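All chains should be modelled from the sequences, with the hints used to inform the complete structure.
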Amino acid sequence: MSGTPVLQARALNKRYGRVVALDNADFDLMPGEILAVIGDNGAGKSTLVKALCGAVIPDSGTIELNGKVVHFRSPIEARLAGIETVYQNLALSPALSIADNMFLGRELRKPGFVGQWLRRLDRSAMQRIARDKLTELGLMTIQNINQSVETLSGGQRQGVAVARAAAFGSRVVIMDEPTAALGVKESRRVLELMLDVKRRGLPIVLISHNMPHVFEVADRIHIHRLGRRLAVIDPKQYTMSDAVAFMTGAKVPPEAALAA
Amino acid sequence: MSDDTAGSATAERGLQGATEALASFDESDAGVIRRVQAFLHQFPTSIPFIVLLLGVVIFSIAAPSKFFAPFNFSLVLQQVTIIAVLGVAQTLIILTAGIDLSVGAIMILCSVVMGRTAVVYGVPVLIAFPLGLLCGTACGVINGLIVTMLRLPPFIVTLGTWSIFGALNVWYSQSETIRQQDMEASAPFLQWTGTIFKPYDFFSKTLGLDWMFLKGWVLTYGSLVMLILAFIIWYVLNRTALGRHIYATGDDPDAARLAGINTNRTLIAVYGLAGFICAIAAWVLIGRIGGVSPQAGQTANLDSITAVVIGGTSLFGGRGSIVGTLIGALIVGVFRNGLALSGLELLWQDFAVGVLIIVAVTIDQWIRRISA
Amino acid sequence: MGKWTIMKAAFAGLAFYGAMASASYAADTVGLITKTETNPFFVKMREGAQAKAKELGVTLITAAGKFDGDNDGQVAAIENLISAGAKGFAIVPSDSKAIVPTIKKARDAGLKVIVLDTPLDPMDAADATFATDNRKAGMLIGQWAAKTLGDKAADAKIVFLDLATNQPTVDFLRDQGFMQGFGIDVKDPNKYGDEDDKRICDHEISQGDQEKGRTAMENALQKCPDVNVVYTINEPAAAGAWEALKAVGKDDGSVMIVSIDGGCPGVKNVEAGVIGATSQQYPLKMAAMALDAIVSGKIPDIDPKMGFLDTGAQLITAKPAEGVTSISVEEGLKLCWG
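Chains as they are written, first to last, in UniProt numbering: chain F, 1 to 260; chain C, 1 to 372; chain A, 1 to 338.
No lab work stands behind these hints: they were computed from the structure.
None of these values were measured; they are calculated from a predicted model.
Treat the hints with caution; some may be incorrect.
[Unchecked claim] Each computed DSSO-like pair below joins lysine-lysine, with the alpha-carbon atoms no more than 27 Å apart:
(1) A:K285 / A:K97
(2) A:K198 / A:K246
(3) A:K87 / A:K97
(4) C:K205 / A:K250
(5) F:K236 / F:K251
(6) F:K68 / F:K198
(7) A:K223 / A:K147
(8) A:K198 / C:K198
(9) A:K87 / A:K157
(10) A:K105 / C:K215
(11) C:K198 / A:K97
(12) A:K157 / A:K136
(13) C:K205 / A:K223
(14) A:K147 / A:K105
(15) A:K187 / C:K215
(16) A:K285 / A:K250
(17) A:K250 / C:K215
(18) A:K97 / A:K191
(19) A:K87 / A:K105
(20) C:K198 / A:K250
(21) A:K97 / A:K147
(22) A:K187 / A:K97
(23) A:K157 / A:K105
(24) A:K268 / A:K191
[Unchecked claim] Beyond 10 Å from chain F on every Cβ pair, some chain C residues (computed):
(25) I50
(26) W162
(27) Y221
(28) G354
Every residue, glycine too, gets a C-beta built ideally from N, C-alpha and C.
Structure (structure tokens):
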């Protein structure tokens, strides 16, 4: 991998009382790659990701997006900067329709007086765009863009959340345990979705416990241990058991893979 | 372990053919009940609508000459207007998974502020009326601020403000009634909502139309205010971003926040708007009783919740509609009026309303289970 | 339930302890407990008591239930008065049966207890009861209505706007009193709804509320379009009924409304011709007499047949009827409350 990282973090620290969640943690995401972040429970990977998407404000350290230092105070700010996150709970409103959910918090208004003064939503435009985005990702087997999200299966919901992130994320898409709640078939589909998104040029940060999934789609694997980056490995050169051994401290990674 | 990778990958690849249909809606095993559930899920107001029609049919048989007449329907409409307006406010709150026990108290306080300021203190109604609207909005915003800033459950907050607004009412009103005649002399505008309006006469005089089906209907401007208000709030809920945010906030506040909605601002807007609507209800109340009675509306809180719930809006937030609430208010009005005209003892009115509430909530629970 | 009251009573108690601490020879303390805080009848009663307390140089502690029927709030208020060492108190009981044990506790502790407006069940559980004779108040308006209608009383169509489904004492006393005065066979004098007089067209419940009074009258009009006499439990219900009549053009004098209470808005409505006649009661006097009795320790003589001291009710009308004693609107306005 070469060039400047899309998203980079240096020496992030975060403490909760006496618990150290991030201890001088570094992070690099290269353009167009899928970077998996793995780590044991409590290793601080979720805090790391939250810091990157604005949900947690680190005590110290810097985050750079395309070489520019950024300070996110909320997920909304990160989103405005082009970082979209697919949360584990998906952040979808079950009772609202697919189209409503895709545009939740960034609805389109009709042009002119009706939109400006009567605040009228441009529903047809939102439905059209939603349908286009789902079609792009091969999800348009969903018949009705106005059916409520709660009538969808788990995989379909994940699809809607991914499509939303892919549609609006201009720089980075972060996915938190996207396959954790899904069956075999549905996980399969979501992994393909991720590769689709990658093909469209968007880099993805994948947080997952599922080693086969990680090894299948990731270009590089960031191993987090004890609040910091332990190593970054190439999945083609290591096995899953190696990765697990590094993650749990059973094995020390070779010098070349060690984080700077 | 590397064999595992290959193995599982192969196994998963074997499923590829089957995954194509993943995102399509599986309907093959949908039985009749399941389909009814799906229908109700899509059109939740159909149940209250059917109940309303049933009520009309039953009472038309039980009290044929008295009940089934345009004039009597007009009466029912007038009788439910106040509760319907409060119900609109309550719907907004309940959609956010909250509840407002103070709507009745806000209404009475506003009616006292409007009436007493104008009649007793002689302030021009041009000032007294907006003052009342402001008072309602302020009460609502206070509710909203406490709910969001102190993160207290709306039930507790509005239980408290119910008492507070009630005490302010006693303080400002001195428990003194304002008579219809005094109101008429110094602030007739406040009674405008009680003015009678005959649609037939209106259309025949202004447009020369002879619409026989409008004969016998006697509305008040209050009912028109209610309908216009309901339309505006329907528009806000269904055609603006705020409306979508209200639903999302009630449905799953965490998800809404993560999706970028400022849920606190949404909640404050909702409570403020609800307070404003309560002030409109105060105006309608003054029109209906002709004056101001600080003791009126003691049951308005629960009546408004009843209308909302019977109208199919979920107490768990995120689903429901204004149309449902209007129908809910009408159901209560039709049952009360119908049972009274059928000569049944009053306690059966309360009994019937209770049954309706429980049935409504049961159906709501059942519809919600569709996703399971 | 009754949180508000309890807090108020607690504050009153605290204030009293404060007074005790600063001066052990502090003035006597007396209490007044009403059903609710807001009803103008009780507001006026409180004003009467406050004026009297000032005159007698005693400390007055007031308390009330949160709503009509709030027994718990009143129990707490009595307990506070006992622990505050009050000399006695006057109470308008919310629940005339449930409050009896607590009142017995207070009397055992040496407090004088005067019950106002609504007698206890049994009545002798209190030291004395000062109240309006509600049956007599009802009879006055019944007699006036019958006399005013003259021959037409024989085929009157009467609508009753009563208080509540469970017919509380004051409800049936006023209703049945009206019937007796009007000349209707009441059957059981302690219950309405069992009569078979053809002139009774409808009973509706108004809850004494102006808005519900209007709704009740609207429904009654559907059943009895040719109504010409409306009995109302109180004046807000009467004002509501008037709005309903006005909406159908029956505000032309064709329907006679009678009521009971004598609040100032009610008396003004008599003046305006909305209400034909109303029976006025005297809450100020009730409270003042009670305080006198508690402070002096002298209970006035009470007619044992009645069981309570009648504080009086007077008929107010602009059109006096022969043989029915009444006072003018001007006099009524001087005596009115609320």
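Hints, verified against the model:
1. A:K285 / A:K97: holds, 25 Å
2. A:K198 / A:K246: holds, 26 Å
3. A:K87 / A:K97: holds, 23 Å
4. C:K205 / A:K250: At roughly 25 Å apart (the allowed maximum being 27 Å), A:K250 and C:K205 satisfy the hint.
5. F:K236 / F:K251: holds, 18 Å
6. F:K68 / F:K198: holds, 23 Å
7. A:K223 / A:K147: Distance ~26 Å between A:K223 and A:K147 Cα, so the pair holds.
8. A:K198 / C:K198: Since the Cα atoms of A:K198 and C:K198 sit roughly 35 Å apart, the hinted pair is violated (cutoff 27 Å).
9. A:K87 / A:K157: violated, 52 Å
10. A:K105 / C:K215: violated, 65 Å
11. C:K198 / A:K97: With a Cα-Cα distance of about 51 Å, the restraint between C:K198 and A:K97 is violated, given a limit of 27 Å.
12. A:K157 / A:K136: With Cα atoms ~22 Å apart, A:K157 and A:K136 stay inside 27 Å; holds.
13. C:K205 / A:K223: Judged against 27 Å, a Cα distance of about 32 Å means the pair is violated.
14. A:K147 / A:K105: violated, 49 Å
15. A:K187 / C:K215: violated, 44 Å
16. A:K285 / A:K250: violated, 37 Å
17. A:K250 / C:K215: holds, 20 Å
18. A:K97 / A:K191: Given pair A:K97, A:K191 holds - Cα atoms ~18 Å apart, limit 27 Å.
19. A:K87 / A:K105: Distance ~14 Å between A:K87 and A:K105 Cα, so the pair holds.
20. C:K198 / A:K250: With Cα atoms ~17 Å apart, C:K198 and A:K250 stay inside 27 Å; holds.
21. A:K97 / A:K147: Violated, because 38 Å separates the two Cα atoms, which is more than 27 Å.
22. A:K187 / A:K97: holds, 25 Å
23. A:K157 / A:K105: With Cα atoms ~49 Å apart, A:K157 and A:K105 exceed 27 Å; violated.
24. A:K268 / A:K191: The hint is violated at about 31 Å.
25. I50: holds, 22 Å
26. W162: holds, 29 Å
27. Y221: Non-interface label on C:Y221 holds, nearest chain F Cβ at 24 Å vs cutoff 10 Å.
28. G354: The claim stands: C:G354 keeps its Cβ more than 10 Å from every Cβ of chain F (closest is about 27 Å).
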